[in-house]
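K.L.:
In case you want the letters, here they are:
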Amino acid sequence: MAYGFMLPAAILVAGLMYWPMIDTFRESLYATTFLNPNPTFIGLKTYEQLFGDSTFWQIVRNSIIWTIGVVFLQNVGGFLIALLLNQKLPGQGILRSLILLPWVLPGVVAAILWRFMYDPQLGLINSFFMRLGIVEHGVGWLAEPSTAMAAVIFAAFWKGFPFSTVVFLAALQNVDQEQVEAAKIDGAGSLRRLFDVVIPAIWPVAVVNVLLTTILTFNYFDIIYVLTRGGPLNATAIFPTRIYEVGFGQFKFGEAAAYGSLSVLVLVLFVGLLLLVQRRQVKAA
Amino acid sequence: MASVTLKSVSKRWGSVTAVDDVSLDIADGEFMVLLGPSGCGKTTTMRMVAGLDDPSEGDILIGDRVVNDLAPGDRDLAMVFQNYGLYPHMTVAENIGYPLKVARVGKAERTERVRAAAARVELEAYLERKPQALSGGQRQRVALARAIVRTPRLFLMDEPLSNLDAKLRVSMRAQLKHLQHELATTTIYVTHDQVEAMTLADRVAVMSKGKLQQVGAPLDIYNRPANVFVAGFLGNPSMNLIAAQAEGGRLIHAAFSLPADTVRPGKVFVGQRPEDMKVTEPEKGDFRGEVFSAELLGDAALITVRLNGDLVAVKAPKDVRARMGDVVGVSFDPAMLHLFDGQSGERLADRNGEAGKVTPFPQARGERHP
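Here the protein sequences come in this chain order: V and W. Counting from 1, one number per residue, gives the positions in the first sequence under the working numbering. Counting from 1001, one number per residue, gives the positions in the second sequence under the working numbering.
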């Protein structure tokens, strides 16, 4: 009886969420291109081709570098800024609202903004570095394969850190002040209090935050696509941009579906690894 | 060991004055209780001694050193918090040993001292547990052990027993008293519970609205409260305080009058503790009135009598049976009267040392029958 009541919702969820996923996987087993719109079943041949393709491995590597870079900067940076905002500062209310600005901006707008920032001729970053004498003449940050990834990671960090900051700030405000004061009385300095009391207290929130930002970052599309379209030479191509490129740029639907299925697999492995590490830490503590 | 001195200490937050010009000397080894209702400034006073809040004005001395600018950790004191302030991710042993770890005490010595401190509060069996796995009383003892482990010069305790159930509180109170006596460490103890104050303190400092009201040994304060606030706050049930008029050498109330030749004319509060009064036959007694309520306390009965517009509580032996609406007599103990100025609330000088006879003032007007 009870199951009966749940059935409509279950069907809806299955239909809306799981069917497209399964259908994507099915699609990846067919050769479907713009020139050959009638799908022909080819089994796992697309996957075989992908695994033998250096571009695919570059995308896996890029995705991991990109995700770890952005998640690390976002969480560490976000936490440090949250610590700062948690102090009693004049105008802290306004600061806390202002800090949200990058996150509120639409991704495309933020990306266009950063394209100006990185512009070799007009960009603020080049002009800043040139004034400091760090570079001689304008660098095409987004055009150099060696700097493009760092540049997009930094832009994504800027766009995403307010989310981590807000979450960490909420956690910091829930830290039991009595414990902090007990540590003060016990003679612990501010760094010691941070590591011995504050960080352990917010650790569960930090873990969830890392998980969330990992998933969001791995699937991030707009910043990279607007800034570099995955270029130059696939230096910043990650799964979402590659899927778009292959599917809607080259109309290789089968290959795009294979990329999509694999991206889910990589993400699941990635998150699973994170959870495993976290569980070990909890056990060790 | 150290004495503590507060010199005209005040604490203000904006326009709010939490502690107002408090001066207090606490002797070496003394158990000083700061007593008062919530919001009276007692916790703020203690936090300033701890260094968790900075005084807006005045100096705080521990020993003969001004500590205003010392960080809490450098003041060589330990504090027990109301919710114990234990570190949830550390074991009991790690919690107790934390002050030593911060002070870079070697591991072997640390283990030894933690064990000794735990033994003092009977926690040896729980050293490897986390605080969540302990009862309230056990957590309390962990907090105590953490306080005593580094043998500080001063203990600060902020309502440490308020989260325990009534029975445990009584036994922890005894343990605390014993422990402080053994260690002979100067202790400042904050509470709103006057029974804790009476039982634990060498001296009590009563506070209200940021101001120190009276400092003295518990019995002195109980017997000679300095003002109406202290009179009403200490003692359970609290002292009866009735407004009367001083006139021509007498105190006049609608239900009685008393000789009081030294009291200047004006409004006066007449106070007497319920245990100093007696319920009598209606014809005897100094006045009579209708029983407003009768409560059996167990070891005694609390009988509240309507005395014209005022209510007077009398602590009677438990076998006194009075029903609501009965008319009973009530007698004063003239030797145990407390008189307070009607304006300032300050205690008035005792009336010439002589007790004075309580004169019932026309009996007929003392009653109020429906």
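Hints are computed from structural coordinates only; laboratory data are not their basis. The structure displayed is predicted, hence computed values, not measured ones. Treat the hints loosely; a few may be bogus.
With a cut-off of at most 20 Å between alpha-carbon atoms, the simulated EDC-like pairs for lysine to aspartate or glutamate come out as follows [what the hints assert, rightly or not]:
#1 W:Lys1284 / W:Asp1261
#2 W:Lys1101 / W:Asp1069
#3 W:Lys1130 / V:Asp176
#4 W:Lys1278 / W:Asp1299
#5 V:Lys88 / W:Asp1053
#6 W:Lys1209 / W:Asp1054
#7 V:Lys88 / W:Asp1054
#8 W:Lys1211 / W:Asp1319
#9 W:Lys1278 / W:Asp1333
#10 W:Lys1130 / V:Glu178
#11 W:Lys1177 / W:Glu1094
#12 W:Lys1007 / W:Asp1025
Across the chosen pairs, the derived CB separations fall in these ranges [unchecked claim]:
#13 W:Ala1125 / V:Ser190: 34 to 40 Å
#14 W:Arg1129 / V:Leu211: 28 to 34 Å
#15 V:Phe5 / W:Met1324: 55 to 61 Å
#16 V:Leu191 / W:Glu1057: 29 to 35 Å
#17 V:Gly133 / W:Lys1007: 19 to 25 Å
#18 V:Leu191 / W:Asp1021: 34 to 40 Å
#19 V:His137 / W:Asp1054: 51 to 57 Å
Every residue gets a Cβ at the ideal spot worked out from N, C-alpha and C, and that includes glycine.
K.L.:
Compare the structure with each hint and give your call.
P.N.:
These are the hints, each one checked on the structure:
Under the criterion of a C-alpha separation no larger than 20 Å, the hint pairing lysine 1284 (chain W) with aspartate 1261 (chain W) is inconsistent with the structure, at around 26 Å. For the suggested pair lysine 1101 (chain W) and aspartate 1069 (chain W), the alpha carbons sit about 24 Å apart, so the restraint of at most 20 Å is broken. Taking the CA atoms of lysine 1130 (chain W) and aspartate 176 (chain V), the gap is about 17 Å. The hint holds against a cut of 20 Å. For the suggested pair lysine 1278 (chain W) and aspartate 1299 (chain W), the alpha carbons sit about 15 Å apart, so the restraint of at most 20 Å is met.
A hinted pair counts as satisfied when its Cα atoms are at most 20 Å apart, and lysine 88 (chain V) with aspartate 1053 (chain W) qualifies at roughly 14 Å. At roughly 19 Å between alpha-carbon atoms, lysine 1209 (chain W) and aspartate 1054 (chain W) fall within 20 Å of each other, so this suggested pair holds. Of the supplied pair hints, the one linking lysine 88 (chain V) and aspartate 1054 (chain W) holds, its CA atoms being roughly 15 Å apart against a limit of 20 Å. Restraint check: the Cα-Cα separation between lysine 1211 (chain W) and aspartate 1319 (chain W) comes to about 42 Å, which exceeds 20 Å; the hinted pair is violated.
Between lysine 1278 (chain W) and aspartate 1333 (chain W), the direct Cα distance comes to roughly 8 Å. Compliance with the 20 Å bound is thereby established for this hinted pair. Distance check on the hinted pair: lysine 1130 (chain W) and glutamate 178 (chain V) sit about 17 Å apart at the alpha-carbon level, within 20 Å; holds. The straight-line distance between the Cα atoms of lysine 1177 (chain W) and glutamate 1094 (chain W) is roughly 26 Å, outside the 20 Å bound, and the hint therefore fails. A C-alpha spacing of about 9 Å is found between lysine 1007 (chain W) and aspartate 1025 (chain W), which places the hinted pair at or below 20 Å, so the restraint holds.
For alanine 1125 (chain W) and serine 190 (chain V), the hinted distance range of 34 to 40 Å is satisfied, since their beta carbons lie about 35 Å from each other. A hinted range of 28 to 34 Å for the beta carbons of arginine 1129 (chain W) and leucine 211 (chain V) is consistent with their spacing of about 30 Å. A hinted range of 55 to 61 Å holds for the C-beta pair phenylalanine 5 (chain V) and methionine 1324 (chain W), which are about 58 Å apart. Between leucine 191 (chain V) and glutamate 1057 (chain W) the Cβ separation comes to about 32 Å, which falls inside the hinted range of 29 to 35 Å.
The given range of 19 to 25 Å is broken by glycine 133 (chain V) and lysine 1007 (chain W), whose C-beta atoms sit roughly 58 Å from each other. The given range of 34 to 40 Å is respected by leucine 191 (chain V) and aspartate 1021 (chain W), whose C-beta atoms sit roughly 37 Å from each other. Here the CB-CB span from histidine 137 (chain V) to aspartate 1054 (chain W) is close to 54 Å, well matched to the stated 51 to 57 Å.
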